[in-house]
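Here the protein sequences line up with chains A and H, keeping their order. Under my numbering, the first residue of the first sequence carries the number 1, and numbering increases by one thereafter. Under my numbering, the first residue of the second sequence carries the number 1001, and numbering increases by one thereafter.
Simulated from the structure, these hints should not be mistaken for laboratory data. Note that the coordinates shown come from a computational prediction; the quantities given were computed from them, not determined experimentally. Here a beta-carbon is modelled for each residue, glycine too, at the ideal position from N, C-alpha and C. Keep in mind that the hints are not guaranteed to be accurate.
[As the list claims (entries may be wrong)] Only pairs whose alpha carbons sit at most 30 Å apart, straight line, appear in this in silico DSSO-like list of lysine-lysine:
1) A:Lys71 with A:Lys41
2) H:Lys1060 with A:Lys41
3) A:Lys19 with A:Lys36
4) A:Lys52 with H:Lys1060
5) A:Lys19 with A:Lys52
6) A:Lys71 with H:Lys1077
7) A:Lys67 with A:Lys19
8) A:Lys36 with H:Lys1104
9) A:Lys71 with A:Lys36
10) A:Lys9 with H:Lys1052
11) H:Lys1104 with A:Lys22
12) H:Lys1077 with H:Lys1056
13) A:Lys52 with A:Lys71
14) A:Lys9 with H:Lys1060
15) A:Lys40 with H:Lys1104
16) H:Lys1052 with A:Lys36
17) A:Lys52 with H:Lys1068
18) A:Lys36 with H:Lys1060
19) A:Lys19 with A:Lys9
20) A:Lys71 with H:Lys1056
21) H:Lys1068 with A:Lys36
22) A:Lys22 with H:Lys1068
23) A:Lys22 with H:Lys1052
24) A:Lys22 with H:Lys1056
25) A:Lys19 with H:Lys1104
26) H:Lys1077 with A:Lys67
27) H:Lys1052 with H:Lys1077
28) A:Lys19 with A:Lys44
29) A:Lys44 with H:Lys1052
30) H:Lys1068 with A:Lys71
31) A:Lys41 with H:Lys1052
32) A:Lys44 with A:Lys22
33) A:Lys40 with H:Lys1060
34) A:Lys9 with H:Lys1056
35) H:Lys1060 with A:Lys44
[What the hints assert, rightly or not] Short, incomplete list of chain H residues facing chain A, as computed with Cβ under 7 Å:
36) Ser1014
37) Tyr1039
38) Leu1044
39) Leu1046
40) Thr1051
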Amino acid sequence: DTAVSQTPKYLVTQMGNDKSIKCEQNLGHDTMYWYKQDSKKFLKIMFSYNNKELIINETVPNRFSPKSPDKAHLNLHINSLELGDSAVYFCASSPPGRANQPQHFGDGTRLSIL
Amino acid sequence: GNSVTQMEGPVTLSEEAFLTINCTYTATGYPSLFWYVQYPGEGLQLLLKATKADDKGSNKGFEATYRKETTSFHLEKGSVQVSDSAVYFCALRGGGADGLTFGKGTHLIIQP
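Excised from the complex, chain A in its bound form (with noise of 0.2 Å):
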């Protein structure tokens, strides 16, 4: 009964390789959110999807694609891997236009770069 569930929870890969991250949620939400955490902990706001819609993209290089098949799911595809891009991902939910209501998390996926 996991709320927002991603998938996997660790990914270890080289450089230069392709990866994707999957993300679910159970709560009927119509936005969901990508966020990255680096190593100090800091976390920034990638990528919030709305209908299918893109909102925000927060200067993210193009290499990072999210790909929403439908308002449960928003994937994330990584093309070309960098040693920079190891931190953990979270993804979000939240019903949408209600500033008041919380974003509820997935736990995370940490991925690392060799």
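Assemble chain H onto chain A, guided by the hints.
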């Protein structure tokens, strides 16, 4: 743009001590304010929230009051436990942005 500033740790306290973690923010309009907690190896959990001026959020003995005049949302707890050891994030939502803007996180260590 929006920004959140919180005291950087680590903050080390003894069990049963009083805790304050400072948080101030910059945003246009009237954002909602949140505290999230991240236990080791886990994701972020909502600890408490406040959506308008003078609101007090509370949960698990933690409290924070939305102070518009000082643009602050300081986290307090009267008596901390070892199990409170975690990283605490202050965040805001609103001010023209849909996503959360986080502070840099405060690592709290409680010693027995």
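We went through each hint and held it up to the structure:
With a C-alpha separation of about 28 Å, the suggested pair A:Lys71 and A:Lys41 falls inside the 30 Å cut-off, and the hint holds. Restraint check for H:Lys1060 and A:Lys41: satisfied, since their Cα atoms lie roughly 23 Å apart, inside the 30 Å limit. Distance restraint check for A:Lys19 and A:Lys36: the Cα-Cα separation of roughly 15 Å lies within the 30 Å cut-off, and the hinted pair is therefore satisfied. In summary, the hint linking A:Lys52 to H:Lys1060 is not supported, as the alpha carbons are separated by about 37 Å, beyond the 30 Å threshold.
Restraint check for A:Lys19 and A:Lys52: the C-alpha separation of about 21 Å stays at or below 30 Å, so the hint holds. A hinted pair counts as satisfied when its Cα atoms are at most 30 Å apart, and A:Lys71 with H:Lys1077 does not qualify at roughly 38 Å. Under the criterion of a C-alpha separation no larger than 30 Å, the hint pairing A:Lys67 with A:Lys19 is consistent with the structure, at around 13 Å. A C-alpha spacing of about 12 Å is found between A:Lys36 and H:Lys1104, which places the hinted pair at or below 30 Å, so the restraint holds.
A threshold of 30 Å between alpha carbons decides the hint, and for A:Lys71 with A:Lys36 the separation of about 21 Å falls inside it, so the pair holds. Among the hinted pairs, A:Lys9 with H:Lys1052 is inconsistent with the structure: their alpha-carbon atoms are about 36 Å apart, more than 30 Å. At roughly 26 Å between alpha-carbon atoms, H:Lys1104 and A:Lys22 fall within 30 Å of each other, so this suggested pair holds. Proximity of H:Lys1077 to H:Lys1056 is assessed by CA-CA distance (about 13 Å); at most 30 Å being required, the pair is judged to hold.
About 7 Å separates the Cα atoms of A:Lys52 and A:Lys71, which keeps this hinted pair within 30 Å; it holds. Simply put, A:Lys9 and H:Lys1060 have alpha-carbon atoms about 28 Å apart, close enough for the 30 Å limit, and the pair holds. Using a Cα cut-off of 30 Å, the hinted pair A:Lys40 and H:Lys1104 holds, with the two alpha carbons roughly 8 Å apart. Note on H:Lys1052 and A:Lys36: the hinted pairing holds, with a Cα-Cα distance of about 28 Å set against a maximum of 30 Å.
At roughly 35 Å between alpha-carbon atoms, A:Lys52 and H:Lys1068 are farther apart than 30 Å, so this suggested pair is violated. Restraint check: the Cα-Cα separation between A:Lys36 and H:Lys1060 comes to about 27 Å, which is no more than 30 Å; the hinted pair holds. Taken as a hint, the A:Lys19 and A:Lys9 pair is honoured in the structure, with Cα atoms around 13 Å apart against an allowance of 30 Å. Distance hint between A:Lys71 and H:Lys1056 is unfulfilled; the C-alpha atoms sit about 33 Å from each other, more than 30 Å.
Taking the CA atoms of H:Lys1068 and A:Lys36, the gap is about 29 Å. The hint holds against a cut of 30 Å. With a C-alpha separation of about 39 Å, the suggested pair A:Lys22 and H:Lys1068 falls outside the 30 Å cut-off, and the hint is violated. Restraint check: the Cα-Cα separation between A:Lys22 and H:Lys1052 comes to about 35 Å, which exceeds 30 Å; the hinted pair is violated. Note on A:Lys22 and H:Lys1056: the hinted pairing is violated, with a Cα-Cα distance of about 36 Å set against a maximum of 30 Å.
Of the supplied pair hints, the one linking A:Lys19 and H:Lys1104 holds, its CA atoms being roughly 28 Å apart against a limit of 30 Å. Taken as a hint, the H:Lys1077 and A:Lys67 pair is broken in the structure, with Cα atoms around 41 Å apart against an allowance of 30 Å. Taking the CA atoms of H:Lys1052 and H:Lys1077, the gap is near 21 Å; set against the 30 Å cutoff, the hint holds. For the hint linking A:Lys19 to A:Lys44, the alpha-carbon distance of about 20 Å falls within 30 Å, and the restraint holds.
For the hint linking A:Lys44 to H:Lys1052, the alpha-carbon distance of about 24 Å falls within 30 Å, and the restraint holds. With a CA separation close to 35 Å, the supplied pair H:Lys1068 and A:Lys71 exceeds the 30 Å bound. A C-alpha spacing of about 28 Å is found between A:Lys41 and H:Lys1052, which places the hinted pair at or below 30 Å, so the restraint holds. Proposed proximity of A:Lys44 and A:Lys22 is supported: the alpha carbons are some 19 Å apart, at most 30 Å.
Pair hint A:Lys40 plus H:Lys1060 holds up; C-alpha atoms about 27 Å apart against a cutoff of 30 Å. For the hint linking A:Lys9 to H:Lys1056, the alpha-carbon distance of about 35 Å lies beyond 30 Å, and the restraint is violated. Proposed proximity of H:Lys1060 and A:Lys44 is supported: the alpha carbons are some 27 Å apart, at most 30 Å. Violation of the interface hint for H:Ser1014 is found here, the shortest Cβ-Cβ separation to chain A being roughly 24 Å, above the 7 Å cut-off.
This hint is violated: H:Tyr1039 has a C-beta 11 Å from the nearest C-beta of chain A, more than the 7 Å allowed. With a least beta-carbon distance of about 4 Å to chain A, the hint placing H:Leu1044 at the interface is held under the 7 Å criterion. With a least beta-carbon distance of about 5 Å to chain A, the hint placing H:Leu1046 at the interface is held under the 7 Å criterion. For H:Thr1051, the interface hint holds, since its Cβ comes within 7 Å of a Cβ in chain A; the closest pair sits about 4 Å apart.
In terms of the numbered hints stated before, the structure departs from hints 4, 6, 10, 17, 20, 22, 23, 24, 26, 30, 34, 36 and 37, listed from lowest to highest.
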